[in-house]
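S.K.: Could you build the full structure based on these sequences and the hints that come with them?
Single-letter residue listing:
Protein chains: 2
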Amino acid sequence: MNDKPKNLPNAQPNGEPLKPLTDVVLERRATAEFLPDEVPEEFLEAILKLGAQAPSGYNLQPWRFVVVREEENRKRLQAVAFNQPKVGQAPVVIIAVGMTREWKERADEVFREGAERGAGSLDTWEKYRDGAFQFLEGMQHMPTWVNRHTMIAYTVMMLAAEAYGFDTAPMEGFDAAAVKREFNVPEEGEVVALLAIGRAKGAEKVYPGRFGLSRIVYEERFGEAWEGNDEV
Amino acid sequence: MNDKPKNLPNAQPNGEPLKPLTDVVLERRATAEFLPDEVPEEFLEAILKLGAQAPSGYNLQPWRFVVVREEENRKRLQAVAFNQPKVGQAPVVIIAVGMTREWKERADEVFREGAERGAGSLDTWEKYRDGAFQFLEGMQHMPTWVNRHTMIAYTVMMLAAEAYGFDTAPMEGFDAAAVKREFNVPEEGEVVALLAIGRAKGAEKVYPGRFGLSRIVYEERFGEAWEGNDEV
Numbered sequence: 006m007n008d009k010p011k012n013l014p015n016a017q018p019n020g021e022p023l024k025p026l027t028d029v030v031l032e033r034r035a036t037a038e039f040l041p042d043e044v045p046e047e048f049l050e051a052i053l054k055l056g057a058q059a060p061s062g063y064n065l066q067p068w069r070f071v072v073v074r075e076e077e078n079r080k081r082l083q084a085v086a087f088n089q090p091k092v093g094q095a096p097v098v099i100i101a102v103g104m105t106r107e108w109k110e111r112a113d114e115v116f117r118e119g120a121e122r123g124a125g126s127l128d129t130w131e132k133y134r135d136g137a138f139q140f141l142e143g144m145q146h147m148p149t150w151v152n153r154h155t156m157i158a159y160t161v162m163m164l165a166a167e168a169y170g171f172d173t174a175p176m177e178g179f180d181a182a183a184v185k186r187e188f189n190v191p192e193e194g195e196v197v198a199l200l201a202i203g204r205a206k207g208a209e210k211v212y213p214g215r216f217g218l219s220r221i222v223y224e225e226r227f228g229e230a231w232e233g234n235d236e237v
Numbered sequence: 006m007n008d009k010p011k012n013l014p015n016a017q018p019n020g021e022p023l024k025p026l027t028d029v030v031l032e033r034r035a036t037a038e039f040l041p042d043e044v045p046e047e048f049l050e051a052i053l054k055l056g057a058q059a060p061s062g063y064n065l066q067p068w069r070f071v072v073v074r075e076e077e078n079r080k081r082l083q084a085v086a087f088n089q090p091k092v093g094q095a096p097v098v099i100i101a102v103g104m105t106r107e108w109k110e111r112a113d114e115v116f117r118e119g120a121e122r123g124a125g126s127l128d129t130w131e132k133y134r135d136g137a138f139q140f141l142e143g144m145q146h147m148p149t150w151v152n153r154h155t156m157i158a159y160t161v162m163m164l165a166a167e168a169y170g171f172d173t174a175p176m177e178g179f180d181a182a183a184v185k186r187e188f189n190v191p192e193e194g195e196v197v198a199l200l201a202i203g204r205a206k207g208a209e210k211v212y213p214g215r216f217g218l219s220r221i222v223y224e225e226r227f228g229e230a231w232e233g234n235d236e237v
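Protein chains in written order, with our numbering: chain A, 6 to 237; chain B, 6 to 237.
Copies of the same chain are indistinguishable here, so a pair counts whether it falls within one copy or spans any two.
In silico DMTMM-like cross-links for lysine to aspartate or glutamate, where the CA-CA straight-line distance does not exceed 20 Å: (1) Lys-9 / Glu-114; (2) Lys-185 / Glu-224; (3) Lys-80 / Glu-225; (4) Lys-109 / Glu-177; (5) Lys-132 / Glu-121; (6) Lys-80 / Glu-229; (7) Lys-210 / Glu-114; (8) Lys-132 / Glu-142; (9) Lys-185 / Glu-75; (10) Lys-210 / Asp-128; (11) Lys-210 / Glu-177; (12) Lys-11 / Asp-28; (13) Lys-210 / Asp-8.
To be clear, the hints were calculated from the coordinates, so they are not data collected in a lab.
M.R.: As structure tokens, this is what we get:
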């Protein structure tokens with residue numbers, strides 16, 4: 006495996022500093038239309054490398070990402086994504102895939118190398134791996150597990166793209182079986198979501214509102230009113 | 006629903022600026038042991054409010070968060086989370102829950118108010134809602150859908166906590182049925198993950214390595230080698 010990425014760009018392409026996370030989260034809107042402007046290679050790689058740093062259970066990293074940039078392929082993806090024009094328009098669309106079985110083939114490497122790096126013990130990594138297998142094989146629904154994990158890396162990528170000043174569109178509107186067929190995703194792969202990255206064309210979507218904390222947060226037990234500040 | 010939150014703290018509790026997202030992602034480690042230091046209310050609310058701004062399909066926000074802070078309850082949670090000491094130690098543990106049915110009760114409000122705010126049309130919101138219902142009712146496995154969405158808000162919270170200088174531990178090791186029972190989560194609720202927030206005690210875990218992009222990223226089609234830079 007690799008060490009932490011070094012030399013990631015620490016500014017936006019125009020030289021401005023990265024947006025602070027508060028601005029990233031508050032200003033992000035799902036982009037409806039994209040300009041054809043490309044995402045410079047250095048920034049796309051930084052976005053992918055940051056996503057790859059996301060945490061996962063036992064560090065198994067059960068996520069894979071297909072980067073679709075060729076126009077012909079974006080159009081093919083659009084056709085299996087309810088024909089949403091933004092899929093064909095955006096210069097980059099990432100297909101996020103969760104692997105329900107492949108993690109097992111990579112597990113020895115992950116556990117042994119983690120131990121070698123000092124994140125575990127060289128005497129006990131096999132026992133730890135066996136415990137992980139027991140936990141994961143007891144999982145009722147592996148597609149849910151890989152969806153959950155893949156969304157962590159996916160969300161990091163979305164926020165990283167926004168911090169670098171790009172616009173994004175997270176998408177779940179697609180025919181998963183058709184995406185798998187068209188993009189050679191193996192049978193065990195779960196197509197989790199699509200992420201378009203580029204530059205918005207025209208005005209961003211209006212903010213549609215969000216539930217206040219009193220409607221989504223509970224104190225101590227589900228159903229017990231959140232007593233904190235609910236002002237905007 | 007609410008407007009965007011205003012007046013979120015724009016610095017860490019010690020007055021230092023928020024960490025840039027690159028540092029947040031590269032320096033974050035799953036914290037193994039927590040100090041008892043509390044997370045100041047203003048920062049906990051900011052973390053929750055930022056999570057609440059995450060995107061979701063049709064803006065349905067199918068996530069709920071139980072904030073567990075009382076020691077007795079953290080111990081009860083620890084008991085159903087494979088007795089991991091950090092659950093009882095951390096000053097705040099958030100139980101992230103995805104709701105597989107409740108979104109439907111809130112859908113009229115979401116679609117109508119979105120239209121009123123200008124994110125849709127007042128003439129067509131009901132049609133749009135009906136299309137959403139058709140899409141969602143055709144979903145093969147609603148627990149996967151709510152897990153996916155809840156993880157977006159969850160990941161935003163984890164990164165926001167780190168940007169404000171706190172330490173976090175994302176956790177999936179728990180007995181979901183027991184968590185539901187102990188914390189009154191209704192039958193339709195999916196316990197997605199736990200997030201501990203606080204201050205790390207002692208050294209953070211060692212970085213265990215990550216797969217390089219050549220092992221998780223494909224060009225154009227699954228299986229086609231990523232030709233970009235794979236250096237760290």
